[in-house]
Amino acid sequence: MESVRDTLQNKQERYTFCTPSLDTILASRIVFIGESIHGVAEFSRFKKELLKHINGRNWIVLFEADAQGMKLSQLREDTDEQFLDNFPRVMQTFQTQELIALARKQGLPCLGIDVIPRRSDADFPQDWQADRSSFIHHFITARESDNWLSWRSAKMAQNIREIASYNTSSQLLVFLHNMHIKRDGRSERSALRLMSAREHLNKDFAGQMHSVAQFARAGRACHNDLSAFDFEINDPQSIEAFIDPQSRGWRLFKCENLVQRKVAYHHTFERETIDIRRQYEYAVLYGRVVSPEFIKK
Numbered sequence: 011m012e013s014v015r016d017t018l019q020n021k022q023e024r025y026t027f028c029t030p031s032l033d034t035i036l037a038s039r040i041v042f043i044g045e046s047i048h049g050v051a052e053f054s055r056f057k058k059e060l061l062k063h064i065n066g067r068n069w070i071v072l073f074e075a076d077a078q079g080m081k082l083s084q085l086r087e088d089t090d091e092q093f094l095d096n097f098p099r100v101m102q103t104f105q106t107q108e109l110i111a112l113a114r115k116q117g118l119p120c121l122g123i124d125v126i127p128r129r130s131d132a133d134f135p136q137d138w139q140a141d142r143s144s145f146i147h148h149f150i151t152a153r154e155s156d157n158w159l160s161w162r163s164a165k166m167a168q169n170i171r172e173i174a175s176y177n178t179s180s181q182l183l184v185f186l187h188n189m190h191i192k193r194d195g196r197s198e199r200s201a202l203r204l205m206s207a208r209e210h211l212n213k214d215f216a217g218q219m220h221s222v223a224q225f226a227r228a229g230r231a232c233h234n235d236l237s238a239f240d241f242e243i244n245d246p247q248s249i250e251a252f253i254d255p256q257s258r259g260w261r262l263f264k265c266e267n268l269v270q271r272k273v274a275y276h277h278t279f280e281r282e283t284i285d286i287r288r289q290y291e292y293a294v295l296y297g298r299v300v301s302p303e304f305i306k307k
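Under my numbering, the letters of the sequence shown match residues 11 to 307, in that order.
Bear in mind the hints are in silico, worked out from the structure with no lab data behind them.
Some clues are possibly wrong.
[Said to hold, decoys possible] No farther apart than 30 Å at their CA atoms in a straight line, the calculated lysine-lysine pairs in the DSS-like style are these: (1) Lys213 <-> Lys264; (2) Lys264 <-> Lys81; (3) Lys81 <-> Lys58; (4) Lys213 <-> Lys115; (5) Lys62 <-> Lys81.
[To be verified] Have a look at the derived ranges for each label pair, beta carbon to beta carbon: (6) Ser130 <-> Asp194: 34 to 44 Å; (7) Ser197 <-> Ile305: 37 to 47 Å; (8) Leu32 <-> Asn212: 31 to 41 Å; (9) Thr29 <-> Gln136: 46 to 56 Å; (10) Lys213 <-> Trp158: 38 to 48 Å; (11) Asp194 <-> Ser155: 19 to 29 Å; (12) Arg288 <-> Pro246: 29 to 39 Å; (13) Asp141 <-> Glu108: 22 to 32 Å; (14) Arg288 <-> Leu32: 15 to 25 Å; (15) Glu87 <-> Pro30: 13 to 23 Å.
Using N, Cα and C, we set each Cβ at its ideal position, and we do this for glycine too.
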């Protein structure tokens, strides 16, 4: 962890932030950890810090992965690499495998909440086939509809709700894209407007959720199709501009401590419009990042 008090300097302004404690962040029933784009290696670093910190506690770790496939992996006690079969290709990386290995080493269940089928149908036992066929049918029907993204968001929230309701004494650590953990995704500009999974849970878990969004200033990332690209965000109104583009470290702060309105970039290249103080409780910034190491391509 960096010093208790960090000073971030850019060309326009000077801000001082008091670094929140991990215990404060982890005090909520449901803790969402997001990332602006999946194809960045460094975004696993803060997740690992949290997993190490909750060692021995009653937590369940939820991933943006095939819900049925992850349940199968958990029940069969798959290897860490076999767990990756439940993830999109851009997340089938050494970094994801390390997170799974660390969580399992500490005895934390690893489950999925996504409705996109990733795992091969042949892996499922015969008595699962009816449920698997229904899972795939609902996905195909929704994917071809006009409200696919909204349906997916609502279903992910439903999966989180069911896991929380079934495990009443457990806290949930949920790893998702930033778009799924916003407090007010409905107010974004039309191209990026989406009621997040967190928003769907407000009625049941109001006051019991925290969102930590992760952002990168510059470097190399991967699209979902695994194609790499270079980027650098120099918008002075962006939260990403708070860290030097050559920095190899990361900085954690509480969003409400920001003095002025700042916005973030979706997938590193689409400018959002809503002040991040309205979207997340906390943010983690990285300077220069690299694309992840893929195990399966």
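Outcome of the hint check:
At roughly 24 Å between alpha-carbon atoms, Lys213 and Lys264 fall within 30 Å of each other, so this suggested pair holds. Using a Cα cut-off of 30 Å, the hinted pair Lys264 and Lys81 is violated, with the two alpha carbons roughly 34 Å apart. The straight-line distance between the Cα atoms of Lys81 and Lys58 is roughly 22 Å, inside the 30 Å bound, and the hint therefore holds. Between Lys213 and Lys115 the alpha-carbon distance is near 34 Å, which puts this suggested pair outside the 30 Å criterion.
A threshold of 30 Å between alpha carbons decides the hint, and for Lys62 with Lys81 the separation of about 23 Å falls inside it, so the pair holds. For the pair Ser130 and Asp194, the supplied restraint of 34 to 44 Å holds, since their beta-carbon distance comes to about 38 Å. In this structure the hint that Ser197 and Ile305 lie 37 to 47 Å apart at CB holds, the actual value being about 38 Å. The given range of 31 to 41 Å is broken by Leu32 and Asn212, whose C-beta atoms sit roughly 24 Å from each other.
Between Thr29 and Gln136 the C-beta distance comes to about 52 Å, which sits within the given range of 46 to 56 Å. Judged by the Cβ atoms, the range 38 to 48 Å given for Lys213 and Trp158 is violated: they are separated by roughly 23 Å. Here the CB-CB span from Asp194 to Ser155 is close to 25 Å, well matched to the stated 19 to 29 Å. For the pair Arg288 and Pro246, the supplied restraint of 29 to 39 Å is violated, since their beta-carbon distance comes to about 20 Å.
Between Asp141 and Glu108 the beta carbon distance is about 31 Å. The supplied range of 22 to 32 Å therefore holds. Judged by the Cβ atoms, the range 15 to 25 Å given for Arg288 and Leu32 holds: they are separated by roughly 24 Å. Our hint of 13 to 23 Å for Glu87 and Pro30 is violated, since their Cβ atoms are close to 36 Å apart.
Hints 2, 4, 8, 10, 12 and 15, counting from the list given before, are not met by this structure.
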